[in-house]
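Protein chains: 4
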Amino acid sequence: MKAVVYNGPFDVSVENVADPTIEKPLDAIIRITSANICGSDLHPYEGRAEFDSGMVFGHENMGIVEEVGAGVDRITVGDRVSVPFNLACGTCRNCNDGFTSACLRANPSGQPGAGYGYPQMGPYWGGQAELLRVPWADFNLLKLPEGTEHELDFTMLSDIFPTGYHATELAKVSPGKSVAVFGAGPVGLMAAHSAALRGASQVFVVDFEPDRLALAETFGATAVDLSTGDVVEAIMDATNGRGVDSGVEAVGYQAHDATGQEHPALVMDNLVQVVRATGAIGVVGVYNPVDPGGATEEAKEGRIAFDFGTAFTKGVSIGTGQCPVKRYNRELRDLIIHGNATPGSIVSHELSLDEAPHAFDQFDKRVDGWTKVVLHPAA
Amino acid sequence: MKAVVYNGPFDVSVENVADPTIEKPLDAIIRITSANICGSDLHPYEGRAEFDSGMVFGHENMGIVEEVGAGVDRITVGDRVSVPFNLACGTCRNCNDGFTSACLRANPSGQPGAGYGYPQMGPYWGGQAELLRVPWADFNLLKLPEGTEHELDFTMLSDIFPTGYHATELAKVSPGKSVAVFGAGPVGLMAAHSAALRGASQVFVVDFEPDRLALAETFGATAVDLSTGDVVEAIMDATNGRGVDSGVEAVGYQAHDATGQEHPALVMDNLVQVVRATGAIGVVGVYNPVDPGGATEEAKEGRIAFDFGTAFTKGVSIGTGQCPVKRYNRELRDLIIHGNATPGSIVSHELSLDEAPHAFDQFDKRVDGWTKVVLHPAA
Amino acid sequence: MKAVVYNGPFDVSVENVADPTIEKPLDAIIRITSANICGSDLHPYEGRAEFDSGMVFGHENMGIVEEVGAGVDRITVGDRVSVPFNLACGTCRNCNDGFTSACLRANPSGQPGAGYGYPQMGPYWGGQAELLRVPWADFNLLKLPEGTEHELDFTMLSDIFPTGYHATELAKVSPGKSVAVFGAGPVGLMAAHSAALRGASQVFVVDFEPDRLALAETFGATAVDLSTGDVVEAIMDATNGRGVDSGVEAVGYQAHDATGQEHPALVMDNLVQVVRATGAIGVVGVYNPVDPGGATEEAKEGRIAFDFGTAFTKGVSIGTGQCPVKRYNRELRDLIIHGNATPGSIVSHELSLDEAPHAFDQFDKRVDGWTKVVLHPAA
Amino acid sequence: MKAVVYNGPFDVSVENVADPTIEKPLDAIIRITSANICGSDLHPYEGRAEFDSGMVFGHENMGIVEEVGAGVDRITVGDRVSVPFNLACGTCRNCNDGFTSACLRANPSGQPGAGYGYPQMGPYWGGQAELLRVPWADFNLLKLPEGTEHELDFTMLSDIFPTGYHATELAKVSPGKSVAVFGAGPVGLMAAHSAALRGASQVFVVDFEPDRLALAETFGATAVDLSTGDVVEAIMDATNGRGVDSGVEAVGYQAHDATGQEHPALVMDNLVQVVRATGAIGVVGVYNPVDPGGATEEAKEGRIAFDFGTAFTKGVSIGTGQCPVKRYNRELRDLIIHGNATPGSIVSHELSLDEAPHAFDQFDKRVDGWTKVVLHPAA
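Residue numbers (the working numbering), protein chains in the order written: chain A, 1 to 379; chain B, 1 to 379; chain C, 1 to 379; chain D, 1 to 379.
The set of hints was computed from the structure by calculation and includes no laboratory data. Every residue, glycine too, gets a C-beta built ideally from N, C-alpha and C. Among these hints, one or two may not hold up.
Stated by the list, open to error - Below, a list of computed lysine-lysine pairs in the PhoX-like style, where the Cα atoms sit at most 20 Å apart:
#1 A:K172 to C:K24
#2 B:K24 to C:K24
#3 D:K24 to A:K24
#4 A:K172 to B:K172
#5 D:K172 to B:K172
#6 D:K172 to C:K172
What the hints assert, rightly or not - Derived DEER-like restraints, expressed as beta-carbon distance ranges:
#7 B:R93 to D:G147: 52 to 58 Å
#8 B:G54 to A:G241: 27 to 33 Å
#9 D:K300 to C:T218: 41 to 47 Å
#10 C:T218 to A:G229: 50 to 56 Å
#11 D:I64 to A:Q111: 30 to 36 Å
#12 A:G229 to B:F10: 42 to 48 Å
Claimed, not checked - If we take Cβ atoms under 8 Å as the criterion, some of the chain C residues that face chain A in the derived model are:
#13 P175
#14 G176
#15 L197
#16 G199
#17 S201
#18 E331
#19 L332
#20 D334
#21 H338
Next comes chain A alone, as it looks inside the complex:
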C-alpha cells in the first residue's frame, strides 16, 4: 500500500510499504477514507520530537472496516468508523477509568498512552496510508452512519474535536460561563466551537493570524488579535474587569511572543492573568518533559517558569494532558449527526496521499490559508 513515511527532519515521502495484516484476534484493518495532518505531526517533522525513520505518519484516521480478527464481535466488516488517536487496550485500570489517553498496556515502552504514527507512543503505524491496523478494535472504534455524509466533520472525531472539547472540560466550561482560548490553530478553534456547544456566554479566541481569527468568529467567538494590543487588557475590558471563568491553552511549548521570540511560559502567564480567581485552565497545547530544541536550559528539561504564585493566590485549577477521545467522541458524533456541530468547516485542503509532502511543508511554514489538511488515500 501507499503511505506517508518519515525519513528525517523536514523529509517525508509517499512510499509503497507492506500492507498491514491481522496480527491478533482483536485486530481490525481499516481502509482509510480520511486521514488528517495534525499540528503535533510537526513536532517530529521539525525534529523537535524523536521519531523513527521509516514510521508511517497519521493519528487522525477514519475509514471502512476491511477485515476483523477472530475475537472481534462488535465491529463488522463494512462498518464506517472513526479511530481515536489514543490506541488503548480497554481493560487496564486507566482504560476502565475512562483515561484511554493513559492506557497502561498498549505502549510496549511501559509509558502510559499509545497512538498511531506518533513519537513515544509505541511502534504502531499511522493512517496516512491506504490501510491501518487497529488493535482491540471493538473497544477502540466508533461506529458512524453508513455512507459518505459528514465526512469532513466526522474526520475531526479522531482527535481535534474531542481534544478541543476536552480543553473546555478541563477548563470547567458550563452554561453562561466566559472563556478565553489561546491559540486559533485547529485545536483552539475546536475548543471555541466546543465552548459554544457547552453554552458559554462569551468566548474569546486569541491569536495573531487573521485567517484563523476569522474562522474563530464563524463559531461565534470574539477574536482578540495579539498583534494589535495588550491581550490581557482587552479581555479584562470585555469582561468588565472581572476576567474570564475559564481559560484554554491550545498553543503549547512553542509559543512565540509578538517579536517572534519563543517564550514557553507566555501563554500560561497570560492565562493566569485573564482567568478570574477560582477559575480553571485547561491545557491541551503540548508541553514535553524533554525538548532538545528548547530556548533555555529550563525549557530543555520541560520546566516552564510561569507565574505560579499568582495562580495559587487566585486559587486557579489547572487541568492538563492529552484527550481521552473515547470519553467524548460518541456525543460529539451525535451533535454532528443532528446538525449541531460542524467541526469540518475548518478544513482548508482535501488532498490525495501523494500531495502529503507538499502539505507538510506548507502547513509547517504556516502558509496563509493552510488551516487543516485532510488526506483522502482512496482519492
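Chain A is fixed; fit chains B, C and D onto it per the hints.
The following block gives chains B, C and D in isolation, referenced to the frame of chain A:
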C-alpha cells in the same frame, strides 16, 4: 483588651489595645477562648510578607459570642462559635459559589479574599486577643456545641483542619486511593488525617522532622523520611511502581532541599514524579506572586520552574489555593462531635496570651516539639 | 398600593392594600416592573392548595430597588433586580449548600423553603402588586443591567427559566445527549430551551396543545403530539429504539390522559418507559404530600403508584423538587445579556395589574394562546 | 463437574453437569474457590422470579484462572480473580460509560444487563460449581493478590460489598454526613460498612433481627430495632429533629411490616420521612417490573405507591439499580489489602458444595445466625 501586636520582623509583643466594637449591623464581637498560631503567621514574622506595624495577629479563632449587631438574626449572644479564617460577605458571586476564600467584597483593596490579622487580606484585626470583631456574623460563624468539650479539636476548624481537607479535595482523594502528602507541618498532618477520613487506602507523609513524622503515623499514615533516602523511589516502591493517585503540597515556596538550600520547585517536582498518570495534585502550601526574599529572580516574581512537561505528559491536574473554610467546617465539626476526627491531638502547647512572643520565636525556629500552639486569652 | 388579592377559589381581585415597609435591617422594598402569573398560582386558585384569604399573589417578580434597610450593603436604591421566588436567609445550612429552595429559617412554619405569595411557604406577600418587601435583600436579589432592555427575558429569571434549567440539571442533560420533556407549559418550554443551551443533540417536547408544541419548536425541539399517537413509541422510534438519555417531568400531579381523565402516575410511567437504562429523570412538575382533590385515596395522600419496578430494573435516577433559583440565575442572566437565551419569547400577554383577574380566569381555563402572562404594575 | 442446580421452587440439588469450555476467544474458565449464596438467589428459589429448570446458581464468584481463550491478553492462567456478577462486554455504550450493570450486548434477550445464574440475565451458568466460564475475561476479571489470604473478604467483591458501596454512592454519602440504612441483611451491612469507609459521621441501621443488628454495630453503626418502636421517631430524635442526609434502601419489594404483612412501599415511605429535605436515597433493594406473587394488583405490575408528594416537596433525589461492580471493586480490593475493610467478617457459614441445598433452605427460612453463606467447591 490585650492582643498580640506586630511591630516588625521578628518582633511581636502583647499590648493593651482598644476593644473592638459593633461597627455595622451584621457585626458580632467574640470573646476568644482559643486562637492558634499558624505557620503562615511566620511569613510576616520573618519579613517575607508585608504587614503593617500595629496589626493584631491571629486568623485561627474560636470563642463565645459577646455581642451582636441589629441585623444579626441567626447567631445569638452566648453561642460558642468557630470563626473561619476567610472573612466573607456571603452575598457576592464567589461567596454564592462557595468560594469564601475569594470573597469579592470583604477586602477593601479590591483583591479577592479577606482575613483576620493577615497580610494583604484587609484591615481586620486578628484574634490573638481577648476579643474579635467578626463582620457578616450570621454568614461567617459556625455554631459549636455548648460547653468546653473538644476545645482543641474545634479550634482546628478555623483553618488547618479544613485546609488539610481541602488539599485532599483538590487532590481528588476518594475511598481506596493512595495519597502522598509532602510536608508534615500542621496542615500536612491535617491532610493526612483527612485522607484517612475520606477512605484512602494508603497515605504517605514526607518530611525530615522525626517528631512530625511520628505524629503523621498516629493518623495511620506511613512516614517517609526525606533525610534518609530518595523520596520518589520510596513511594514508587511502596506502590509497586505505580505511584500514588493523589499528591498534596503542604510546604509552599519556602521548601528546602536536604542540604538546607531553599528550592521553591522541589516539592512540585517530586509530586509530578510520584503522582501517577491521570492523577491529581492539591496545592495548599503557599506560593506568592511577589517574594522579596526569593532565592532567584524568578522566585522573586512568583515563578516556579517546575517540571510542567512531565505534568502535561502524565495528564496530571493541579488544584491550588486557600481553603474556603465554610465549605467543609460543618461536616468536619460533626466528625469531631461523633468521635471520628481528632485534629486537636497535634497540639503541642497551650499557652496564655502573654506567652505568645516566646511561642512565635520557638515556632519560627522550628524548635523540636513545637508543632502547634494554641493561645487561650482568657487563661 | 394596588395588589392582586386572593379571596377564595376562583376569586381574585385587585385591591388597595397597605404599602410594605422596611421591617428588618436586611429588607429591601422593590417597585415591581414585571410580575408573572405562574402555573402554580393556579393550584390555590383552583382550591387544590390551601391559601389564606387576603394573601397577595405573585412569586415571579422583578423591579427597581426603592428602599433598603440599614444592614443592606451590596444592593443599592435604584438597582434593577430579579427576585428569586425562593425567599432565603442566606446563612442556614441549606442556603450554605446552595439549596435556597429549602431554606431552614425563612418559613415561620418550620418547613424548609419559603416564597412570596405562595401556599405553605410563609406569610410573605407576593409581587403582583406595586411594591414588594424582600427580606435578606443582599443575598436574594440578582442585579440586572440598568434600563429596560430584555425586560421580558429577565422576568423569566425569577422562576420558570431557572426551574426549566434545574429540570435539565436533575435530568443530567449534557452535550450530545437526547432529552424528552413532558409538558409544554411555560416550565416545559424553558426546559426545552435549557436543554438546547446545554448542548443536547435531540430534544423532544410532549404535549397535546398545538400552540404550545409550536412554541417548543421555536427552541429547536421536536414536538410530539400526545393526541395523535403513542408517545412512547414515537420517542423510541426517533431514537432508533434506544430511548432518551434524560427525561423531564414538567406536568405534575394534575396530569390528564388523552380522554381528559386525571391520572397522576401517567407522566412518570411514560418517562420510565422512554428514558433508557442508566438514564435520569428530573421532576419539576409539582407533586404534593396532601391533595384534597386527588382522584384516588392514594392520590389524596400524595402517593403516586408509578412503575418503580421498571425504574429500578433500568437503574434510572430521579431528581425532584423546587428549583434553587440562585444556583442558576446569574449564568442564565448572562446568557440573556449576550444574546444566547431568549426565554421571554414565550410571553403571550403583557397586562396591567387591573387585568389580572381576567388573566387568571383565561390562564386557568387554558384558553388558546394564553401561554404566559406578565403583569406590569406601573403600566 | 459438580454444580448447584435449580429444579423448581424450593428445590435445588448438587448434580454432575458438563464442564464449561472455552467457547470464544475472549473466554476464560475459572476454578471456583468461593461462591456465595445471595439473598437474590432466593427470589427464584421462592418462585418469585422466573428461572429455567436446570440452571446452575451462583453470581458471587471468585477463583483461579484455569484456561484462557486465544484473544485473552491481560489475564493469565493461575491468576487469582474476582468475578463481578455483572457479565459485561466492555465495548458497548453502557460499558464505556461505566455501567456494566446495563451492558447492551451480553444478554441475548436484548435487555440491558447480564449475569451468571440469574433470572432474566441471560443463559450463563452460575459459579456455585467447580468451574465457571467467564466471557470477555480481560474486561470482567479483577486480579487479586496470589495465595489464599483475605479469601472471605475478597469473595464479597463480586457483589455485595460493591453493591452496598453503590448504595452509599447513590445516596451521596460523603465525609461528615449522616446515613440511615434500611435492612441489615448482607447488602445493608455492606452499605453500613461502606458509609463508615466514606467518612459518614453517623450511620443508623434499621432491622428487626437482633443478630443482624449486632453485626451492624461491629461496623460502627447505631442499631435501630424496628420491632421495639417507631423508626422514624428514633432517627429524628438521634439527629436533633433534622433527619439524615442520606438513606439506603437495602430491603426491596418483599418488605414486611411489624406484623409480618408484606408492604412493598413501607421502606420507601420511611426513607422519605427520615431523609432531610435536599437529601438523597440510594435504592439497591430489588424492585421488579412484574411480580406474580405481589400482594396487590399494583404490586404485581411493579407499581409502588410510596409518598412521592413528600419526596418532591423535600426535593429528595432517588438513585436506583443494580451495582456496576467494576466501578468500585478495584478500590474496595485495595481497602481490603491495606486492612481498612473487612467485609468477610459477616460470613456465618463456610460450606462445601454438597451442603448448598441445606444452606438454601436455612437461609431462605432466615434461621437465626445464617447471615451469609460461602461455598468452597474445592473443599
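Structure-based check of all given hints:
With a C-alpha separation of about 39 Å, the suggested pair A:K172 and C:K24 falls outside the 20 Å cut-off, and the hint is violated. Our distance criterion of 20 Å between C-alpha atoms is met by B:K24 and C:K24, whose separation comes to about 14 Å. Our distance criterion of 20 Å between C-alpha atoms is met by D:K24 and A:K24, whose separation comes to about 14 Å. A C-alpha spacing of about 15 Å is found between A:K172 and B:K172, which places the hinted pair at or below 20 Å, so the restraint holds.
Restraint check for D:K172 and B:K172: the C-alpha separation of about 16 Å stays at or below 20 Å, so the hint holds. A C-alpha spacing of about 15 Å is found between D:K172 and C:K172, which places the hinted pair at or below 20 Å, so the restraint holds. At roughly 56 Å, the beta carbons of B:R93 and D:G147 sit within the given window of 52 to 58 Å. Look at B:G54 against A:G241: about 32 Å separates their beta carbons, and that is inside 27 to 33 Å.
Distance hint for D:K300 and C:T218: a CB-CB separation of about 44 Å, consistent with the stated range 41 to 47 Å. Between C:T218 and A:G229 the beta carbons are some 40 Å apart, a value that contradicts the proposed interval 50 to 56 Å. Between D:I64 and A:Q111, the C-beta spacing of about 31 Å keeps the proposed range 30 to 36 Å intact. Here the CB-CB span from A:G229 to B:F10 is close to 46 Å, well matched to the stated 42 to 48 Å.
The closest approach between the C-beta of C:P175 and any C-beta of chain A is roughly 5 Å, which is under the 8 Å cut-off, so the hint is satisfied. For the restraint placing C:G176 at the interface with chain A, the shortest Cβ-Cβ distance is roughly 3 Å, inside the 8 Å limit, so the hint holds. At a threshold of 8 Å, the smallest CB-CB gap from C:L197 to chain A is about 5 Å, leaving the interface hint in force. Hint status for C:G199 relative to chain A: holds, with the closest Cβ pair at about 5 Å, below 8 Å.
Taking 8 Å as the C-beta contact cut-off toward chain A, the hint placing C:S201 at the interface holds, the least distance being around 4 Å. Annotation: C:E331 was flagged as interfacial toward chain A, and the flag holds, the nearest CB pair being 3 Å apart, inside 8 Å. Here the hint on C:L332 is kept, as its CB sits about 6 Å from the closest CB of chain A, short of 8 Å. A distance limit of 8 Å between C-beta atoms decides the matter here; for C:D334 the minimum to chain A is near 4 Å, and the interface restraint holds.
At about 4 Å, the closest approach between the beta carbon of C:H338 and any beta carbon in chain A falls short of 8 Å, and the interface hint on this residue holds.
Hints 1 and 10, counting from the list given before, are not met by this structure.
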